[in-house]
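Residue numbers (my numbering), protein chains in the order written: chain A, 6 to 175; chain B, 60 to 349.
Since the hints were derived computationally from the structure, they do not count as laboratory data. The beta-carbon is built from N, C-alpha and C at its ideal position, and this holds for glycine as well. Among the hints, a few may not be true.
[What the hints assert, rightly or not] No farther apart than 20 Å at their CA atoms in a straight line, the calculated lysine to any residue pairs in the SDA-like style are these:
1. K193(B) x S134(A)
2. K248(B) x G142(A)
3. K9(A) x V262(B)
4. K9(A) x K246(B)
5. K9(A) x G116(B)
6. K248(B) x K9(A)
7. K248(B) x D67(B)
8. K248(B) x P23(A)
9. K246(B) x S134(A)
10. K246(B) x G14(A)
11. K193(B) x M6(A)
12. K248(B) x E131(A)
13. K246(B) x Q48(A)
14. K295(B) x V262(B)
15. K246(B) x L35(A)
16. K193(B) x T128(A)
17. K248(B) x D127(A)
18. K248(B) x Q48(A)
19. K9(A) x Y68(B)
20. K248(B) x T141(A)
[As the list claims (entries may be wrong)] Pairwise CB distance ranges, derived in the manner of DEER restraints:
21. D33(A) x G222(B): 46 to 54 Å
22. E75(A) x D318(B): 34 to 42 Å
23. S73(B) x E20(A): 47 to 55 Å
24. G127(B) x E126(A): 41 to 49 Å
25. G157(A) x V303(B): 50 to 58 Å
26. P236(B) x H99(A): 37 to 45 Å
27. E126(B) x D85(A): 42 to 50 Å
28. E144(A) x P208(B): 47 to 55 Å
29. T206(B) x D33(A): 44 to 52 Å
30. M6(A) x S201(B): 24 to 32 Å
31. G222(B) x E20(A): 45 to 53 Å
32. K295(B) x D119(A): 45 to 53 Å
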Amino acid sequence: MQVKMTVNGTEVSGEVEPRLLLVHFVRDHLGLTGTHWGCDTSQCGTCVLWLDGEPVKSCTVLTAMADGHEVRTVEGLEVDGKLDPVQEGFMQEHGLQCGFCTPGMMMTARWLLDNDPDPDEDTIREAISGQLCRCTGYENIVRAVRWAAEHGGEKESEREPQESSQEVQA
Amino acid sequence: MQTPAPVDYARATSVEHALELLERLGPESRLIAGGHSLLPMMRIRLAQPECVIDINGLTDLDYVRVEGGDLCMGAMTRHSTVLASPVVGEHYAIFHEAERLIADPPVRNRGTVGGSFCQADPAEDLAAVGSAVKANLVLRSSDGTRTVPAREFHAGPYETVLGDAEMLTEIRVPIRPGSASAYDKVKRKVGDWAAAAAGAYVVLRDGVVADVGIGLTAVGAPHFCAEEAEAYLVGKPPTEEHLVEAGRLAAQACTPRADQRGPVAYKVHLASELTHRVLRRSVERAEGRS
Numbered sequence: 006m007q008v009k010m011t012v013n014g015t016e017v018s019g020e021v022e023p024r025l026l027l028v029h030f031v032r033d034h035l036g037l038t039g040t041h042w043g044c045d046t047s048q049c050g051t052c053v054l055w056l057d058g059e060p061v062k063s064c065t066v067l068t069a070m071a072d073g074h075e076v077r078t079v080e081g082l083e084v085d086g087k088l089d090p091v092q093e094g095f096m097q098e099h100g101l102q103c104g105f106c107t108p109g110m111m112m113t114a115r116w117l118l119d120n121d122p123d124p125d126e127d128t129i130r131e132a133i134s135g136q137l138c139r140c141t142g143y144e145n146i147v148r149a150v151r152w153a154a155e156h157g158g159e160k161e162s163e164r165e166p167q168e169s170s171q172e173v174q175a
Numbered sequence: 060m061q062t063p064a065p066v067d068y069a070r071a072t073s074v075e076h077a078l079e080l081l082e083r084l085g086p087e088s089r090l091i092a093g094g095h096s097l098l099p100m101m102r103i104r105l106a107q108p109e110c111v112i113d114i115n116g117l118t119d120l121d122y123v124r125v126e127g128g129d130l131c132m133g134a135m136t137r138h139s140t141v142l143a144s145p146v147v148g149e150h151y152a153i154f155h156e157a158e159r160l161i162a163d164p165p166v167r168n169r170g171t172v173g174g175s176f177c178q179a180d181p182a183e184d185l186a187a188v189g190s191a192v193k194a195n196l197v198l199r200s201s202d203g204t205r206t207v208p209a210r211e212f213h214a215g216p217y218e219t220v221l222g223d224a225e226m227l228t229e230i231r232v233p234i235r236p237g238s239a240s241a242y243d244k245v246k247r248k249v250g251d252w253a254a255a256a257a258g259a260y261v262v263l264r265d266g267v268v269a270d271v272g273i274g275l276t277a278v279g280a281p282h283f284c285a286e287e288a289e290a291y292l293v294g295k296p297p298t299e300e301h302l303v304e305a306g307r308l309a310a311q312a313c314t315p316r317a318d319q320r321g322p323v324a325y326k327v328h329l330a331s332e333l334t335h336r337v338l339r340r341s342v343e344r345a346e347g348r349s
């Protein structure tokens with residue numbers, strides 16, 4: 006069947022089998038291998054991407070179900086060469102070791118900060134509870150999300166107009 | 060790599076359309092809502108429908124509201140919506156406490172209330188909650204609408220009384236003034252299915268239990284409830300002794316299976332202990348209110 010969707014702001018289309026899982030469409034058809042494919046059982050959460058603005062486990066969504074919808078992957082965090090504060094935070098606080106869980110962690114963290122710009126540690130731990138870090142590097146992941154919260158973790162859609170209004174004032 | 064068997068895909072645009080598709084495509088077609096129970100089963104080929112009918116577009120079934128003395132939830136309401144709903148929390152803490160323990164945030168963004176009931180997994184938390192609060196389920200087919208008590212909805216593991224071309228559209232819970240409720244679950248890790256779980260509500264009047272509901276999950280409780288324990292408590296003061304005895308009676312009616320989550324004796328113990336705990340918490344809350 007033919008599917009069409011918006012991925013990171015770009016219209017994409019493809020011919021897929023209805024049984025194709027979204028994680029495989031994104032990785033194998035679109036070549037966006039930033040989204041990782043892990044446990045296959047909706048446990049590990051490394052395949053988390055956004056579907057219509059909410060984090061979902063893409064190993065448990067049919068590509069067909071995303072037809073006509075909007076997808077955002079970890080590749081969509083960086084805008085015009087500028088890293089998202091969440092990505093900066095993972096660098097600053099050593100929020101990744103092997104890096105396997107990182108895409109799901111980052112997509113969940115971005116969503117959390119969009120909805121709660123100043124989360125405490127418990128809130129962060131609850132938010133990332135759908136992801137497994139096999140390196141057990143949770144302490145640094147929590148610190149990375151806090152770093153992002155303290156360094157421009159606010160909603161991007163709110164940040165950009167502020168910047169442009171400052172330019173106007175200048 | 061786990062891949063579902065070849066399957067056809069259809070997308071429903073309304074309840075009527077979904078029912079029409081079910082009738083046309085026959086009993087080997089399945090509605091798919093969040094898909095977080097059905098797709099894992101399709102991947103390991105425990106489920107092999109010929110066609111999945113996607114009902115995620117039926118946003119008119121995504122709501123929480125109070126209507127005619129009932130707390131009503133549309134079948135397509137996501138777990139995350141239930142968890143965030145102040146109306147749900149105001150009337151039934153049991154739903155919030157159960158939802159917080161169902162899977163994890165990304166799964167709750169996708170999984171639906173209706174899907175949880177219809178999957179009929181023996182370890183499904185909402186099945187026990189629905190039994191505990193004596194919910195009513197609204198089922199639609201081209202013949203019309205019927206309402207089935209949650210306690211009569213499940214016909215066995217992964218089986219419901221739904222007809223081949225019938226769908227669950229709404230969950231209705233009678234609002235009981237003065238009631239208080241609670242849910243508790245023992246699991247191996249965050250997001251896991253229950254080793255055992257229990258939920259309850261109580262209504263106290265003149266120092267005695269006037270009304271009570273007890274639900275149990277993953278322990279083989281008939282219809283996910285504990286009727287004997289409920290009957291025992293009605294009319295009695297909610298003393299520790301009576302609540303412990305209710306837990307014992309609830310566990311007595313359970314027939315759990317040994318699996319990787321624990322042996323039979325352990326699960327029977329959990330059924331008793333968790334029933335006691337949720338009853339006690341419900342009573343404390345009910346007393347705090349009066």
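Hint check:
For the given pair, K193(B) sits about 31 Å from S134(A) by alpha-carbon distance, which is inconsistent with the 20 Å threshold. Between K248(B) and G142(A) the CA atoms are separated by roughly 17 Å; this keeps the pair inside 20 Å, and the hint holds. Restraint check for K9(A) and V262(B): the C-alpha separation of about 53 Å exceeds 20 Å, so the hint is violated. Taking the CA atoms of K9(A) and K246(B), the gap is near 40 Å; set against the 20 Å cutoff, the hint is violated.
A distance of roughly 16 Å separates the Cα atoms of K9(A) and G116(B); the hinted pair therefore holds under the 20 Å criterion. A distance of roughly 38 Å separates the Cα atoms of K248(B) and K9(A); the hinted pair therefore is violated under the 20 Å criterion. Only pairs whose Cα atoms come within 20 Å are accepted, and K248(B) paired with D67(B) is rejected, the gap being roughly 35 Å. A distance of roughly 33 Å separates the Cα atoms of K248(B) and P23(A); the hinted pair therefore is violated under the 20 Å criterion.
Pair hint K246(B) plus S134(A) holds up; C-alpha atoms about 14 Å apart against a cutoff of 20 Å. A distance of roughly 40 Å separates the Cα atoms of K246(B) and G14(A); the hinted pair therefore is violated under the 20 Å criterion. Under the criterion of a C-alpha separation no larger than 20 Å, the hint pairing K193(B) with M6(A) is inconsistent with the structure, at around 43 Å. For the hint linking K248(B) to E131(A), the alpha-carbon distance of about 13 Å falls within 20 Å, and the restraint holds.
Taken as a hint, the K246(B) and Q48(A) pair is honoured in the structure, with Cα atoms around 14 Å apart against an allowance of 20 Å. For the suggested pair K295(B) and V262(B), the alpha carbons sit about 12 Å apart, so the restraint of at most 20 Å is met. Distance hint between K246(B) and L35(A) is unfulfilled; the C-alpha atoms sit about 38 Å from each other, more than 20 Å. The hinted pair formed by K193(B) and T128(A) fails the criterion: a straight-line CA distance of about 33 Å is larger than 20 Å.
Of the pairs offered as hints, the one joining K248(B) and D127(A) holds, with about 16 Å between alpha carbons and a cut-off of 20 Å not exceeded. With a CA separation close to 11 Å, the supplied pair K248(B) and Q48(A) stays within the 20 Å bound. The suggested pairing of K9(A) with Y68(B) holds, with an alpha-carbon distance near 15 Å, which does not exceed 20 Å. Straight-line distance between C-alpha atoms of K248(B) and T141(A) comes to about 14 Å, which keeps the hinted pair within the 20 Å bound.
Remark: the range hint 46 to 54 Å for D33(A) to G222(B) is contradicted by a beta-carbon distance near 39 Å. Range check, E75(A) to D318(B): Cβ separation about 40 Å, and the 34 to 42 Å hint holds. Distance hint check: the CB atoms of S73(B) and E20(A) are about 28 Å apart, inconsistent with the given range 47 to 55 Å. Against the hinted window of 41 to 49 Å, the Cβ-Cβ separation of G127(B) and E126(A) comes to about 43 Å, which satisfies the hint.
Take G157(A) and V303(B): their Cβ atoms lie about 54 Å apart, and the range 50 to 58 Å holds. As the Cβ distance of P236(B) to H99(A) is approximately 54 Å, the hint placing it in 37 to 45 Å is violated. Between E126(B) and D85(A) the beta carbons are some 49 Å apart, a value that agrees with the proposed interval 42 to 50 Å. The hinted window of 47 to 55 Å between E144(A) and P208(B) holds, with their beta carbons roughly 48 Å apart.
Evaluation of the 44 to 52 Å hint for T206(B) and D33(A) yields a pass: the beta carbon distance comes to about 46 Å. Between M6(A) and S201(B), the C-beta spacing of about 27 Å keeps the proposed range 24 to 32 Å intact. Here the CB-CB span from G222(B) to E20(A) is close to 36 Å, at odds with the stated 45 to 53 Å. At roughly 50 Å, the beta-carbon separation of K295(B) and D119(A) lies within the given 45 to 53 Å, and the hint holds.
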